[in-house]
Structures are given as structure tokens and as C-alpha cells.
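Student: The chain contents come next:
2 protein chains.
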Amino acid sequence: MAVPDIPPIVLDRGGAAPLGVQLAGELRAAAASGVLRAGDRLPSTRALAATLGISRTVTAAAYEQLLAEGWVAGRTGSGTFVTAVPAATAPAAGPQRPAVARAAGAGIDLRAGTPCVEVLDRSAWRRAWRAAADAAPDAAPRPEGLPEFGAAVVEHLLRHRGLPADPADVLGTAGSTAAIAELARTLPRGARVAVEEPGYRRAARALAEAGLTVVPARVDARGLVVDALPAGLAAVYCTPAHQFPMGGRLPAARRMALVQRARAEGFLIIEDDYDGELRYDVAPLPLLAALGPDVVVHLGTASKLLTPTLGAGWLVGPSAVRAAVLGHRDRTGSRPSPAGQRVFAAFAAHGDLARHLRRLRRELAGRRTAVAAAVGAVGHAVAGDAAGAHVVVPLAGAAAERAVLASAADRGIALDGLARHHGAADRGPRGAGLVLGFAGPARADLERALPVVADVLAAHAPV
Amino acid sequence: MAVPDIPPIVLDRGGAAPLGVQLAGELRAAAASGVLRAGDRLPSTRALAATLGISRTVTAAAYEQLLAEGWVAGRTGSGTFVTAVPAATAPAAGPQRPAVARAAGAGIDLRAGTPCVEVLDRSAWRRAWRAAADAAPDAAPRPEGLPEFGAAVVEHLLRHRGLPADPADVLGTAGSTAAIAELARTLPRGARVAVEEPGYRRAARALAEAGLTVVPARVDARGLVVDALPAGLAAVYCTPAHQFPMGGRLPAARRMALVQRARAEGFLIIEDDYDGELRYDVAPLPLLAALGPDVVVHLGTASKLLTPTLGAGWLVGPSAVRAAVLGHRDRTGSRPSPAGQRVFAAFAAHGDLARHLRRLRRELAGRRTAVAAAVGAVGHAVAGDAAGAHVVVPLAGAAAERAVLASAADRGIALDGLARHHGAADRGPRGAGLVLGFAGPARADLERALPVVADVLAAHAPV
Numbered sequence: 000m001a002v003p004d005i006p007p008i009v010l011d012r013g014g015a016a017p018l019g020v021q022l023a024g025e026l027r028a029a030a031a032s033g034v035l036r037a038g039d040r041l042p043s044t045r046a047l048a049a050t051l052g053i054s055r056t057v058t059a060a061a062y063e064q065l066l067a068e069g070w071v072a073g074r075t076g077s078g079t080f081v082t083a084v085p086a087a088t089a090p091a092a093g094p095q096r097p098a099v100a101r102a103a104g105a106g107i108d109l110r111a112g113t114p115c116v117e118v119l120d121r122s123a124w125r126r127a128w129r130a131a132a133d134a135a136p137d138a139a140p141r142p143e144g145l146p147e148f149g150a151a152v153v154e155h156l157l158r159h160r161g162l163p164a165d166p167a168d169v170l171g172t173a174g175s176t177a178a179i180a181e182l183a184r185t186l187p188r189g190a191r192v193a194v195e196e197p198g199y200r201r202a203a204r205a206l207a208e209a210g211l212t213v214v215p216a217r218v219d220a221r222g223l224v225v226d227a228l229p230a231g232l233a234a235v236y237c238t239p240a241h242q243f244p245m246g247g248r249l250p251a252a253r254r255m256a257l258v259q260r261a262r263a264e265g266f267l268i269i270e271d272d273y274d275g276e277l278r279y280d281v282a283p284l285p286l287l288a289a290l291g292p293d294v295v296v297h298l299g300t301a302s303k304l305l306t307p308t309l310g311a312g313w314l315v316g317p318s319a320v321r322a323a324v325l326g327h328r329d330r331t332g333s334r335p336s337p338a339g340q341r342v343f344a345a346f347a348a349h350g351d352l353a354r355h356l357r358r359l360r361r362e363l364a365g366r367r368t369a370v371a372a373a374v375g376a377v378g379h380a381v382a383g384d385a386a387g388a389h390v391v392v393p394l395a396g397a398a399a400e401r402a403v404l405a406s407a408a409d410r411g412i413a414l415d416g417l418a419r420h421h422g423a424a425d426r427g428p429r430g431a432g433l434v435l436g437f438a439g440p441a442r443a444d445l446e447r448a449l450p451v452v453a454d455v456l457a458a459h460a461p462v
Numbered sequence: 000m001a002v003p004d005i006p007p008i009v010l011d012r013g014g015a016a017p018l019g020v021q022l023a024g025e026l027r028a029a030a031a032s033g034v035l036r037a038g039d040r041l042p043s044t045r046a047l048a049a050t051l052g053i054s055r056t057v058t059a060a061a062y063e064q065l066l067a068e069g070w071v072a073g074r075t076g077s078g079t080f081v082t083a084v085p086a087a088t089a090p091a092a093g094p095q096r097p098a099v100a101r102a103a104g105a106g107i108d109l110r111a112g113t114p115c116v117e118v119l120d121r122s123a124w125r126r127a128w129r130a131a132a133d134a135a136p137d138a139a140p141r142p143e144g145l146p147e148f149g150a151a152v153v154e155h156l157l158r159h160r161g162l163p164a165d166p167a168d169v170l171g172t173a174g175s176t177a178a179i180a181e182l183a184r185t186l187p188r189g190a191r192v193a194v195e196e197p198g199y200r201r202a203a204r205a206l207a208e209a210g211l212t213v214v215p216a217r218v219d220a221r222g223l224v225v226d227a228l229p230a231g232l233a234a235v236y237c238t239p240a241h242q243f244p245m246g247g248r249l250p251a252a253r254r255m256a257l258v259q260r261a262r263a264e265g266f267l268i269i270e271d272d273y274d275g276e277l278r279y280d281v282a283p284l285p286l287l288a289a290l291g292p293d294v295v296v297h298l299g300t301a302s303k304l305l306t307p308t309l310g311a312g313w314l315v316g317p318s319a320v321r322a323a324v325l326g327h328r329d330r331t332g333s334r335p336s337p338a339g340q341r342v343f344a345a346f347a348a349h350g351d352l353a354r355h356l357r358r359l360r361r362e363l364a365g366r367r368t369a370v371a372a373a374v375g376a377v378g379h380a381v382a383g384d385a386a387g388a389h390v391v392v393p394l395a396g397a398a399a400e401r402a403v404l405a406s407a408a409d410r411g412i413a414l415d416g417l418a419r420h421h422g423a424a425d426r427g428p429r430g431a432g433l434v435l436g437f438a439g440p441a442r443a444d445l446e447r448a449l450p451v452v453a454d455v456l457a458a459h460a461p462v
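Residue numbers (numbering that gives the first Met the number 0), protein chains in the order written: chain D, 0 to 462; chain U, 0 to 462.
One or more of the hints may lead you astray.
[To be verified] Cβ pair distances, simulated, as ranges:
1) D:Gly161 with U:Val118: 43 to 49 Å
2) D:Ala256 with U:Asp120: 36 to 42 Å
3) U:Arg125 with D:Arg158: 26 to 32 Å
Worth flagging that the hints you see were computed from the coordinates, not collected in a lab. The structure presented is a predicted model; accordingly, all values stated were derived computationally and were not measured. Backbone N, C-alpha and C fix where the C-beta goes; we use that ideal spot for every residue, glycine too.
When you get a sec, could you build the whole thing from the sequences and use the hints?
Tutor: Given below as C-alpha cells:
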């Protein structure tokens, strides 16, 4: 595996972005476009710095960034390798355009976070878009979102999440992360917000970029450890239905304790229900938003359930929080896009959403079983509940985690490790393991990938 | 005109948002839903404070906010009046849902910023949505935006804005204000950014909310006064094609001078081309992005050209800036919604966008002529070029401006004044006048409103 020719890299020394950010962007673009391919070894930071006539600090910062984002993996003594797998490229919209051919040699992406679009009923999907096309274009969309979208969300929350809500309680959002960023703007600058650790790093970054102080919140196999939350918080971000990434479901007693603390201490709970619809064993527990509607902001999204094409999510919360979010939208002119809301509402209106959800649960339950079986065949176990679209496979330590990621990347499979879901500030003991997403790839690709994953895992002792 | 019953207002004293923000939100919601109607007089700040058992500071802050947003207008000695006109409500998406009836007694909104959806060819619109429905749902949308959207934008920029660009230079955005907020995140906190004054206040607020220091940039009848820009800037936000709101087109010499200063002083130019496609007299001047592709970020949007339903805009700029924006999207997981990009690309693919633009120009040129004639008949003049979707009618002072807005509101017409487009920090001499948007209402409503506007203006001396 030779060091590939690095594509032409143009850095703008007078540019607005630091050189390291620019360099990371160029390399990321090369990996995304296929100029760099999974398994390619990058030159050493020293060699690349010499080639480009820049400082090694810059190349090291760029590699560090790409490592954190999962585009490359490093192995002690043998360099830095591209793990990037080109994301599924959408076919062109117009019927005249040729479908984009699948990049030859592209690998299989088993990182978490991608939905299962394979089971979507394309006739129902087309029907929804056609219905959405009948509505007149908006001159001035409501900042709350379209009324029919709010109605569809209310119906969904009641039927599938057991949450009674009024359409007036619902705000459309551009998705969960966008909603987190909006909520962040309604909290005082510098306020302390606890985020599960390991947890959803993009939530932590969105909060930090808004000027809030993110503090780690301890997590165990059952989710957030409420008793370990520090005092003096303005908000707590958590994923009670299916802790990301560890997979625990927050027990009822902890739910009550969290709501009680929020009331007593005056903090806001942000309940990110990113995949709460996906359970394959027992019924879900009551939402935090049902237990504490006065202190909980509930976030949902169509991105995991259906597809991020719609850019549609929702927020249900106390009126003061909604007013503050709307105030921010009014001041800055930001609005969630109505186009995806229309399609979602039309998809839901004919029962297609409920049908899709049943089909999705069946498919993902089957995939999870296949993953657990493949991993189990080589003596490893999966952690977390029978829920969602990813599992954690615990490993003996950080070195084993890095080795497994690198071996899988060598064989064309992009995997994700627990390390990436910890913040840099967290210096406590960390679990190690794979985070394996099973929804994104086509079923056939998943079945091709699992023996390879098992083979790679077989070289490492189970925990 | 009696003081209406104020709807039940629930304020949460322990809530995350200040009481003034909550109160403004409640009143705004009442106005938006029609509980409060255009022309209704609000209780005095003192009376409302007594009714709600809160401090008068809170009620005054809420009224101030609603005044700034244009929901209410104040008249010395006679109180505060609702000017809000319910925004056009979109019909429901599903064919089974009844269309929302137009609120009885709703007025006519002549505030700027709303596009002309009346001339949109609904068959072409439906065709675009049907074509968009054929594409598979995305599993992981590219953070840059869909490739077919980039291609459509490149074609549009070349044909209609004279800007040669490569699809790789284009980033999809959620709209201009969202793009400004993203660009703000790529500049160092506290950096100074000049914003035209009077100018687009939401741009200024989005920059300020991102922690930047907004400084006013002087504007005259020909747009930004480049020589008056202070030193030490990180960026300059401007609207060179059609200065908002004054309506000037930046002369070629100032364009060159601005690009030269940006290069010499290392600042970034944000060129907001919000309605640059709409000129009815001479050809547009070269875009700043064509003169200085190394220092200019060009922003465009489908919201004014077509409809905000799509939530689709674009950004063309230097690779370092694009990389920085993509870095922010990667860190926080934010993405422009692909749904509207698909529809836009499909609408453009069949020539429907070019046809729509021709039809839109014809319609708006006719409307502008009608506005100028109505205003001219009572001795007033319109300022600004024969372009865009709004005009300014200069008035003798701030008192005359407030009086005209209030009289028009009394007669069911929402107008906007220049005062609202100045920042609070700007203590210099201010021009006064109406900002009259003529694209938003139906043509018939515009023709009903113009005699009323003329009648109201006739009571005031022209400038």
C-alpha cells in the first residue's frame, strides 16, 4: 500500500481560516471525492509539511482534526491511513440526469448515524412529494413551522411516543442539532450545560460554539447517572430512550430524579429522542417530556426515522422556551425549511409513516440480531438494549480499539470507536470499543461486511 | 377603536427566557393568530403591568421589541397599535385537508421582504416536485449540498448574474441569513464587521449573536460609502446590487475600491445579492465576486426569487472560507436541507426558472411603476433604482414616518419605516421614510392599497 500522490493543495496564507483548517478541508475534500481512497496511507506530518512549505504544527493539527472526524486512522509506527468511505451519493433530481455511478472499490460504512433508506416504500415517498406539490408556495413561512407539520408531529408523538401534545406546543426545527444550537442561544452565555460522556459530540460542540460551558455527565450501562450530575447547571443534554452511544435506557427512578432535580435547581432538560421509535423488545418508558413538561424540551427528528433529505425535526417544550427560540428566529430571520415539512406531513397523512415505522423496526431488529450473531461467533458481545440502529462492542482498551478500526479500514470497512464520542476535557477512565451502525448500508453490504468485522475482532480478546 | 381584551397571558417567572421576551412572544402569537388584529390598541405599559402584576420595565421592553419587529406602532399621546397582518397561511399539504380560510378583516402587508408567489406557474412548480420525488432519499446528504443543486446554481449565476463559477465553488445554504450566521462562526470572536446602515438588521443581529462586533457602515444614494469604512475590519457586509433598503447600486469605482481595500487590509467582503436578479432598467454591474473572487463571499437565495418554502440559498467564495464553513458544519452536524435543493434543481433543469424570472421581472417592473405613480400623484417621490421589490419614500422626519405608519395601520395596511433598519448604536443623523414592498401582496390587493397609501402620504409634505 504505497503513499498516494497527494492532490494539489492550495492554502491561502492570508485567508480567514487557519492553515490547519484549510489543509484538513483540502484532504477531506480529496477523500470525499475519491482522489484519496480508503486504505491510502498519507505522508508523515513531517514530509507533508516539507512538501507544502508549512510548519509541522499545521500538518499535525490537520491530521488530528481528520482523526477526530473519523476520516483517517493512525497506527503507531505505520502512519496515518484514510478510512473515509464516500457517502452514498444521491441520484440527480431530474429524470434526464444519469444516476451517479457507485465509486469503484468504495468500502462499506458501518459508522453510526445513517438511517436505513433501503426499506422506504418508494411509491409512498413519491405520493407524499406529489401531495406536497399541490400546496401553494409560501410567501412568508411561519417561524413555528407549517400547521400541517405540527399536526403530523402531534399524531406521531401520541401514537409512537406516548406523548400527548397540542399543535401549539410544537415547533418545527431543521433537525436535532439545529434545535440544540437554537436552544443554546436562549441560555445565558457561559452557562454550564451537562452533556453525557461518552455522548453525542455534535451536541456538545453546538453548545460550546454558542458560548456555553460544556461539562461532562457520567453515563453507565443504564444511561445518565443523575446522582453524579454537578450543581449549578443551566441545562442537561441527554438521550434517555437509548443513550448514545452506550445504548442504555434510563430507568424510571432516574427519570423521576432528573425531573425533580431540574425543578428544584431550575435547570432545563434537553431530551434528545433521536431514535426513540426504534425498540425491539419492551415498550419504551414514559418520555421525560411527559413526566416534566414544565422543565423538559423534547427533540425529535425525521432524519433517523426516515431520511435527512427532509431536514425536518421538532421541538416540544414549555412556552417560555418556545417563545425564546421564536425570539431568536425573529431577530435573525432563521426558519426551518418548509419543503421537507410538507413532505413529512403528507407522508404521515395517509398512514405511510406508521407503515414505514413497522417495516423499519422489523428490518433493523433483524439486522441487529445478525450483528450480534456475527460478533458473538468470535466470542465478543454487544452492549446496550435491543433498540436503535447501532451497537457497542466493548474492547480491552484504546490500543485494541485503534487496531480494530485500522484493520477494518484496511479491508474497506469504516468503523467508529468510542474514543471519538468522548470530549477532550474528559480525563477520567474511558471504556473502549467499536460503535457499529447497522442501518446505513444496504442489507447485502452489511452481510458482506459482518464476516470481515468478525475476522478483525477475532484477533482481539473479548472484554 | 377600543382597547381589545388582552388574551390570557401566561408568564413563567422561573423560565429560561426573560419576562419581557416571554411577554413579547405571547403578544406576537396573539397578533399572528388573529386574536389581536391590525388597528387594535394595546393597553398602556402601565396598565398592562398592573393587570399582569409585573414591572412596567418588563411591559415597556416587550413593547419596544414588538415595535422594533414592526408588529406594533406607537403614536405619541395616543398609545400603541397593532400593525401586524397575519402572514399568508399555506394551504395544507394533503389533498384531504381543507384550505385555511383567509382571516376575515385581515389587512394588506406592504412591508418589504416577501416574494411575489402570485406569478409562479403552478404547473411548473408541480412538475419540479414530481421530478424531485423520483430521487432516492438520502442516507447521508453531502454537507456541501446536492451536486445537482450546485449545477443549477452555477448555471443560474452564469446566465443571470454573469458570474462564472465551478460547481465545486458552490455551497448550498439554508438561505442568506443562515449563511451569514455560518460565516460569522468562521471569524474570530469579537472581530469587527461593518454592516450597512441603514441596512439589513437581521444580518447585523446574526453577526452580533455570533459574538462579533458590528460597526455601522455609511450608505448614500449609491450604496456603501467605501471611503468611510473604518480600519481594522475582519469583514464587510453589503448589498451592492441594490442596497437594502435605500435602493442604490454600488458604482463600479466603489466596487474596485472595496475589493482593493479588502486585499490590502485582509478583510472579507460578504456580498448579499438578495434580489440582484431583479433589475428593470440597465444591466447589472459586475458582481464583487467576479472582481475579487479571492476576497468576496457571494450569497444568493431562492427565497426572494421564488419562495422561502424551499429554504435554499447558495454561497460562492474562496476555498479557505468554504473549508471553514464546512468545518463548522462537520463539527456541529448542521446541513442545509436537501428537499428544497431538489425542487430548485428540478425547477431550473427544464428552463422553468428562467421563464419564471422573465415573468417575475415583467410583473414587478409593472408594480413598481404603479407604486411610483400613486406616490407621485400626491407629490411624493420614490428613491432608489428601478430594481428589486421595494421602494423608499423619503419623509421629512421621524415624526412624519411614525405618523404615516400609524395612519396606514389604522386603515389596515402594514407599512415599514426606515427607523427599523437602523441599529440602536447608530446615533448619527438618520433619513426618514417609508420602505414599501410591492411583491408580497396579490396584485389586486396592491391596487386596493395604493390609493390608501397615497391618501395617507398626502397629509405630509414631500422631501
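Student: Is the gap between the beta carbons of Arg125 (chain U) and Arg158 (chain D) within 26 to 32 Å?
Tutor: Roughly 30 Å apart at Cβ, these two residues keep to the hinted range, so it holds.
Student: Is it true that the C-beta distance of Gly161 (chain D) to Val118 (chain U) lies inside 43 to 49 Å, as the hint says?
Tutor: Holds - the Cβ-Cβ distance for Gly161 (chain D) and Val118 (chain U), about 46 Å, lies within 43 to 49 Å.
Student: Range hint 36 to 42 Å: satisfied by the CB atoms of Ala256 (chain D) and Asp120 (chain U)?
Tutor: 58 Å, violated
Violation of the numbered hints given earlier is confined to hint 2; every other hint is satisfied by the structure.
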